[in-house]
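Going down the list, the sequences are from chains A and B.
Taking my numbering, I'd label the letters of the first sequence as residues 1 to 180.
Taking my numbering, I'd label the letters of the second sequence as residues 1 to 180.
The hints are simulated quantities; they were obtained by calculation from the structure and are not laboratory data.
No experiment lies behind these values; they were computed from the predicted model shown.
Be aware that a few hints might be false.
Pairs involving identical chains hold if they fit within one copy or between any two copies, as the list cannot separate such chains.
What the hints assert, rightly or not - Taking lysine-lysine and the DSS-like style, the derived pairs with C-alpha atoms no more than 27 Å apart in a straight line are: (1) K96 / K67; (2) K107 / K96; (3) K107 / K77; (4) K140 / K164; (5) K77 / K67; (6) K164 / K67; (7) K164 / K77; (8) K33 / K96; (9) K77 / K145.
What follows is the residue order along each chain.
Protein chains: 2
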Amino acid sequence: MAIIAVDMDEVVADALDEHLSRYNALYNAGVTKDHLTGRHLRDVIPYEHRQETEQIVHSEDFFADLKVMSGAQEVLKALSQEYEIFITTAAMEVPKSFTAKYEWLGKHFPFISPMNYVFCGSKHIIAADYLIDDNVRHFKLFKGKGILFDAPHNRQVTGYTRVKDWQDVARLFASIPVCR
Amino acid sequence: MAIIAVDMDEVVADALDEHLSRYNALYNAGVTKDHLTGRHLRDVIPYEHRQETEQIVHSEDFFADLKVMSGAQEVLKALSQEYEIFITTAAMEVPKSFTAKYEWLGKHFPFISPMNYVFCGSKHIIAADYLIDDNVRHFKLFKGKGILFDAPHNRQVTGYTRVKDWQDVARLFASIPVCR
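Isolated chain A, as found in the complex:
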């Protein structure tokens, strides 16, 4: 069975939505995803907010509260009939996220075994046929095919197969012959 590796934040979990909500509540601000085309949150906020804004994702409960990206559950469940699905998340950047990420995945993606979760840093250690990710840096040394999941910060990046949402992922894989 071919393997699809799937990133977590901005691909199956809407971490940006939660980050914006918490930032806006903290500073009584009104930053939306539309303000972030080609940029990260840290690029559009006052310099003096940076440290505290970075700390938001390091709080114990941040990853427990994330919304599921629309369509991720249905499409991954369907794809898991034909492919082996792994969740590959750069969790080492936020070590406090381990337990919350593990529990969140079990709650929202019960059809994926915890034996198929990978908490890593550099993703060139991942052996998969496809990697669906919002960060192109993970595609550089990856030996399979990188599929760029659309996010505000990567919208101006070119040169990769881009999917704009999970329906687009379903269409893409429907067009690929399955190797058995």
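Mind docking chain B on chain A? Use the hints.
Showing chain B alone in chain A's frame:
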């Protein structure tokens, strides 16, 4: 740079020593590694001890207290000059171990970046040239070369390149031409 993936328990961390110490203290027993040739601890203890013995590794502090396997630090530090080293541990079997494992690695292997830690379940997701592991099940679908690290439970397993300790790992890699 070629990649060496290195398992954690029984390869760089002496989890069995700690498990035996705690089991023997709990039941006033005297099980040693010599009793475990070809067997796991669960195979040699009274049936009624099994559940509590299994729980020992699920306690929060278990992985914080492990001794480093003799020679692991020196040999991995030397190999890290010629190879990229990743620590690949089946942490998903014991989710409570995440933080203790992360901190233990940082303390004892400060020359390995946390970006090169991989907490996983199934290891056929690992893209590496070599995998040093005490469990041959991880070699089945692994596309690189599996190197079996000697442990009491695997002593009767044949058909793999076996290393008996870290000095043996150093000798093995000294005999392999380095690809740059």
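So, going through the hints one by one against the coordinates:
| no. | hint | result |
| --- | --- | --- |
| 1 | K96 / K67 | both (19 Å within a copy, 24 Å between copies) |
| 2 | K107 / K96 | both (18 Å within a copy, 17 Å between copies) |
| 3 | K107 / K77 | within (14 Å within a copy, 40 Å between copies) |
| 4 | K140 / K164 | within (21 Å within a copy, 36 Å between copies) |
| 5 | K77 / K67 | within (17 Å within a copy, 42 Å between copies) |
| 6 | K164 / K67 | within (17 Å within a copy, 48 Å between copies) |
| 7 | K164 / K77 | within (19 Å within a copy, 43 Å between copies) |
| 8 | K33 / K96 | within (25 Å within a copy, 35 Å between copies) |
| 9 | K77 / K145 | within (21 Å within a copy, 33 Å between copies) |
This entry satisfies every hint, going by the numbered hints stated previously.
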